[in-house]
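**Student:** Listed below, chain by chain, are the residues.
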Amino acid sequence: MGAPVHNLESRLKQSSVKVSANAKRHGRHLLSNSIFRYYFLFSILALCFVLGMVILFIGKTAMLMFGQVSLADFFFSFNWSPEEDAFGAAAFIVNTLSLTALTMVIAVPVSVGMAVLIAEIAPNWLKTFIRPVLDLLVGIPSIVYGYLGLTVLLPFLRDVSGQGLGDGILAAALVLSLMVLPTICRISDDAIVAVPRKYRDAAYALGSTRLQVIMRVVLPAAGRGIISAVILGMTRAVGETMAVVMVIGNTAQLAKTLFTPSSVLTSNIVMQISNVEFDSTWNYALHMMAFLLLVISFVLILIIRILGRKRRDAA
Amino acid sequence: MKVFKKFTVTALTAVLAVTTAFAGIASAASNLSGKITVNGSTALLPLTLQAAKEFQKLHPKVKIAASGKGSVTGPQAVKKGIADIGACDWDASIDVPGFKAFDGQVANKVAVIPFATIVNKNVGVDNLTTDQLKGIFSGKITNWKEVGGSDADIVVITRAFGSGTRVNYQAKALAGGDIVKKEKNYKETGSSGDMKTAVATTPNAIGYIDLVYVSGDVKAVKFNGVEATTDNVINGSYKIWAYGYFMTKGQPTGATKEFIDYVQSKKFQQGSLKKLKFIPIASMK
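Chains as they are written, first to last, in the UniProt record's numbering: chain A, 1 to 315; chain B, 1 to 285.
Just so you know, the hints here were simulated from the structure itself, not pulled from any lab data.
Pairs of lysine-lysine, PhoX-like flavour, derived with a Cα cap of 25 Å:
| no. | chain 1 | residue 1 | chain 2 | residue 2 |
| --- | --- | --- | --- | --- |
| 1 | B | Lys63 | B | Lys266 |
| 2 | B | Lys182 | A | Lys256 |
| 3 | A | Lys256 | B | Lys184 |
| 4 | A | Lys60 | B | Lys79 |
| 5 | B | Lys277 | B | Lys109 |
| 6 | B | Lys181 | A | Lys256 |
| 7 | A | Lys256 | B | Lys140 |
| 8 | B | Lys53 | B | Lys63 |
| 9 | B | Lys121 | B | Lys145 |
| 10 | B | Lys80 | A | Lys60 |
| 11 | A | Lys60 | B | Lys69 |
Pair ranges (Cβ atoms, derived):
| no. | chain 1 | residue 1 | chain 2 | residue 2 | range |
| --- | --- | --- | --- | --- | --- |
| 12 | B | Ala65 | A | Tyr147 | 24 to 34 Å |
| 13 | B | Asp131 | A | Phe49 | 54 to 64 Å |
| 14 | A | Lys256 | B | Asp178 | 17 to 27 Å |
| 15 | A | Tyr39 | B | Ala171 | 55 to 65 Å |
| 16 | B | Val180 | A | Phe76 | 21 to 31 Å |
| 17 | A | Asp279 | B | Lys267 | 34 to 44 Å |
| 18 | A | His29 | B | Ser33 | 52 to 62 Å |
| 19 | A | Phe76 | B | Asn127 | 40 to 50 Å |
| 20 | A | Gly223 | B | Ser67 | 42 to 52 Å |
| 21 | B | Gly216 | A | Leu117 | 38 to 48 Å |
| 22 | A | Tyr147 | B | Asp231 | 33 to 43 Å |
| 23 | A | Leu97 | B | Gln56 | 47 to 57 Å |
| 24 | A | Ile44 | B | Val180 | 44 to 54 Å |
| 25 | A | Ala86 | B | Asp231 | 35 to 45 Å |
Covered stretches of chain A (chain B as the covering partner; in silico rule of three or more C-beta atoms under 8 Å from a C-beta of chain B):
| no. | segment |
| --- | --- |
| 26 | 154-160 |
| 27 | 244-257 |
| 28 | 270-277 |
Virtual Cβ for every residue (Gly too), placed ideally from N, Cα, C.
Take the sequences, apply the hints, and build the full model.
**Tutor:** Take a look at the structure:
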């Protein structure tokens, strides 16, 4: 330092300082932008990596099963007695399907009805009350639902049916219905609200009653959204474990009646995984069941995506 | 600079001296060091944790990591080299129903675990014999009136196959008899807690559980006329009990040996272990 300070020079310097400050700021922005870009990219890649590892690990362990158990045995045999080397998972698969179906039969009419009430009929104060309540229901841990099922629902079912135990797919379906109800209801609600007002106005102008407007115009227009909601509810019902395990009876047999103690894919995995040896066919078979669940949710989510795309195209 | 250096050296020396002094006080008893990993039974976990806490006070250089999952994971983890000690509710060095022996492992007895047959409080039966229990759990006896109770269906609650409690109960209470699944009035539970809740809330239910879990909301029934108490286990009249084991790969050595010795020591067995409601191994003849 020690350069002479003239008026002109200093002014020049000042302006150049300004320019360089601007350039600096610009450079900083570029830098922070690129840092964040890499950070976001890294986050996504990390997630994909973990997901990939999960699928790879479960799939790899699952495939080991086919060295010892044939494909036909696993999918079509109803005899699950790992202690006698019988690994037929058909009962669990059928039970999972029937439990999900029963849950949907109970939950869908109720939750879509509620969605219609909230979106179309209810006064504003009720809407602002019900929506947060439903959101709250989604956040309750599943073990709480399971415990309520065990201590409140089962004694009630015993009284009503005269059964000694009450455990079975009916109890599980009732608990699951309560759990998927808010999910289906809130998403259907959004789909119904998204139906353009002009549809309703046109229908009313043609002389429709309110019921006709809802049943013939609003619900069909919101149909794809409601189906997405139902499928999302299904993914939750298929994958739910803790609540189901407490009320289904956990016995490896086909649910021939509503009150037969039985087991589904998820509940069987959670019941047995801690009691098996690592390098056993039994462990591989449980991993195969987990892999099967992964595939089922993947298919369901794929259907939602396709429906969503179609809906956007139609709009 | 020189001053600074001098200061650093002094400070470091001081810190070192203090540390050594503290370490000296703490490890006055031993210079034992190492890392012990314990894996396996949840039933034995409270005991392992308590022992680890006390052992680390005596030997601060030893690190103990304990976790519980299921009985069979204990010997498995030892076999795979993941754990030094596998806590197991049965002797995994010999065959038991459903599980083959783990070759080359040594079973170290650490505690006595009593089990009890429990029923819902509405059940009028107070005593069951081995044959009656065999009949009930194999599905041949389905009504309480067949064993001296009122006319009501028996609801069987059992643990999942592979549970340590189930292995021991089948061996001791059912004399090796089977537990057979039924189309109704039969349920499997995943843990001792679930078992207790299920029996407590289901009328006419029967199940089995570690004696320490028995409390006011379920009823423990007599086995062949003998009440399920720790005293009766010790005097030999109550037969449904089993040893809890620490499985090791070969004879234990080093810190692992010291730890097992500590758990088996009179001080721990008669003190903390008794407080946790296990029975000391020395009490059994």
